[in-house]
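Protein chains in written order, with our numbering: chain A, 1 to 287; chain B, 1 to 184.
Keep in mind that the hints were calculated from the coordinates and are not lab data. Be aware that a few hints might be false.
[Unchecked claim] Stretch-level coverage of chain A by chain B, calculated; a stretch enters the list once three of its residues show a Cβ under 8 Å from a Cβ in chain B:
id : stretch
1  : 5-15
2  : 25-37
3  : 126-135
Just so it is clear, CB atoms sit at the ideal spot from N, CA and C, and this is done for glycine as well.
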Amino acid sequence: MSDRLFDRAVRDWLDDGSDRTPPAAINAVLLAVTTTPQERDLRIPRRTTQMPTYVRLAAGIAIVAVVGVGALMYIGNSPGVGGAPTPSPTPTPVASAAPSAPPSLAPGISGWKPYTSAAYGYTMSYPQGWYVAGRASHKWEPGEPGTEEAAPFWDIFANDDGDGTVMLVAQVPAPAGADLESWDGLHAVHRELCDEPTIPGCPADYTPTSLCSGQQDCAPAILALNGDDPMPVALIGDPENGVVTVIWIGRVDSFPTAAKYGGTVQLLKSVLTQMDVRDPQPGETPH
Amino acid sequence: MDRDLVERARAGDREAFTDLVHQVSDTLFGVARRILRDPELAEDVLQIALVTIWRKLPHLRDADLFEAWAFRILVHACYAEAPRNRKWAATIRVLPTNQADAVDDVRSVIDRDELERAFRMLPLDQRAVFVLHHHVGLPLVAVAETLGIPDGTARSRLHYATRTLRTAFEIARTQDSQREGRLA
Numbered sequence: 001m002s003d004r005l006f007d008r009a010v011r012d013w014l015d016d017g018s019d020r021t022p023p024a025a026i027n028a029v030l031l032a033v034t035t036t037p038q039e040r041d042l043r044i045p046r047r048t049t050q051m052p053t054y055v056r057l058a059a060g061i062a063i064v065a066v067v068g069v070g071a072l073m074y075i076g077n078s079p080g081v082g083g084a085p086t087p088s089p090t091p092t093p094v095a096s097a098a099p100s101a102p103p104s105l106a107p108g109i110s111g112w113k114p115y116t117s118a119a120y121g122y123t124m125s126y127p128q129g130w131y132v133a134g135r136a137s138h139k140w141e142p143g144e145p146g147t148e149e150a151a152p153f154w155d156i157f158a159n160d161d162g163d164g165t166v167m168l169v170a171q172v173p174a175p176a177g178a179d180l181e182s183w184d185g186l187h188a189v190h191r192e193l194c195d196e197p198t199i200p201g202c203p204a205d206y207t208p209t210s211l212c213s214g215q216q217d218c219a220p221a222i223l224a225l226n227g228d229d230p231m232p233v234a235l236i237g238d239p240e241n242g243v244v245t246v247i248w249i250g251r252v253d254s255f256p257t258a259a260k261y262g263g264t265v266q267l268l269k270s271v272l273t274q275m276d277v278r279d280p281q282p283g284e285t286p287h
Numbered sequence: 001m002d003r004d005l006v007e008r009a010r011a012g013d014r015e016a017f018t019d020l021v022h023q024v025s026d027t028l029f030g031v032a033r034r035i036l037r038d039p040e041l042a043e044d045v046l047q048i049a050l051v052t053i054w055r056k057l058p059h060l061r062d063a064d065l066f067e068a069w070a071f072r073i074l075v076h077a078c079y080a081e082a083p084r085n086r087k088w089a090a091t092i093r094v095l096p097t098n099q100a101d102a103v104d105d106v107r108s109v110i111d112r113d114e115l116e117r118a119f120r121m122l123p124l125d126q127r128a129v130f131v132l133h134h135h136v137g138l139p140l141v142a143v144a145e146t147l148g149i150p151d152g153t154a155r156s157r158l159h160y161a162t163r164t165l166r167t168a169f170e171i172a173r174t175q176d177s178q179r180e181g182r183l184a
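The shape of chain A in the complex, shown without the other chains (with noise of 0.2 Å):
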């Protein structure tokens, strides 16, 4: 039996099938690292063997030194051995070192990252220090299976600390015969796409919050709370290209890690307005 006959066969069957890592499992491995910390290097480098023999020396004696100084003030320092006791220091007030957060961010948030969705082609903003953990490898569709965070049509946020909190952004088209400019309107397609299965924030008993898109003009917005201690979510409208921007925050508000923005409704607020939703002004309706 040749051995060509038997280097084809097995080449051939070795490339049979696809490589293609499917997307989803991708997302989970960056969620999953979301909240999974690093192993901290514990070992130390091995640099001494490489100095010279009078930088070694010079490093003994500096330690001997240290060593000895500080046993000889401690020992100076001690009472009953010698020496006067010191009196404690008398506790000064301290200024607070973290500077008041601007009103428009949620405490915890120092500044923002541009963030551009290849996928959707929408620019937003998130916090400093997060990162993106999962980037969408396709517009959401109706039907798009799958109801877990790690489903490949979102735009994924997390917080660099790995402290679980995560926001998560996409795009769907609006259902046909939409109202995209009234806060009705927007409302009704909320509810309309909480028939699919990967639309967040949808049980019935969500309060919708009004809000406006555009420091100008009125366009509409709306913040869904679900419950007592909602996950939230927002959408956004934009009629000129028939589509809604949602954006998640994928822990309820009492997550214990997002108490430092006082809660995800907080910080979800707190992102709308780098995207130029704000509350209406008094008797400002969508236009």
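Based on the hints, put chain B in the right spot on chain A.
Structure of chain B alone, referenced to chain A:
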């Protein structure tokens, strides 16, 4: 492999790790799929391996060794997960019936099925050496370094794996020839 990306990910930069995952995941998935012969299990193993890589990255001394190090973690994840998921994934192919070269195609499918069957009988450590050498293209010395085993061990594992596959292939070919002889 982008050394800077590895350095940044090692320092805890999750964004860099995200980019790194996108760079290496297909290669790692391909290796896991070939060792395990089960795409779903390979997907699970890949996820375990990538999270392990993230956790242990600070221990990686030399960023240039990232790929070999990642292969080692992946192969160990295969060793750990495969015994828990013993199942036989069916491979179904549509055989052509109206083509002039149908006989060759059928023979090719039979070859692959025999190789597949024989490969699944191999222990995982032999499979790993075979895949890293024949699919990834690593020299045997590099395979040994990657898996943390002596050169001789890598050589003998490759030898046994190749012998098993070759025997299965030759038997399939012989039976095929006999069948064709009877039909003729």
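Hints, one by one, checked against the model:
| no. | hint | result |
| --- | --- | --- |
| 1 | 5-15 | holds (count 8) |
| 2 | 25-37 | holds (count 10) |
| 3 | 126-135 | holds (count 5) |
Comparing the model with each earlier hint shows no violations; every hint is respected.
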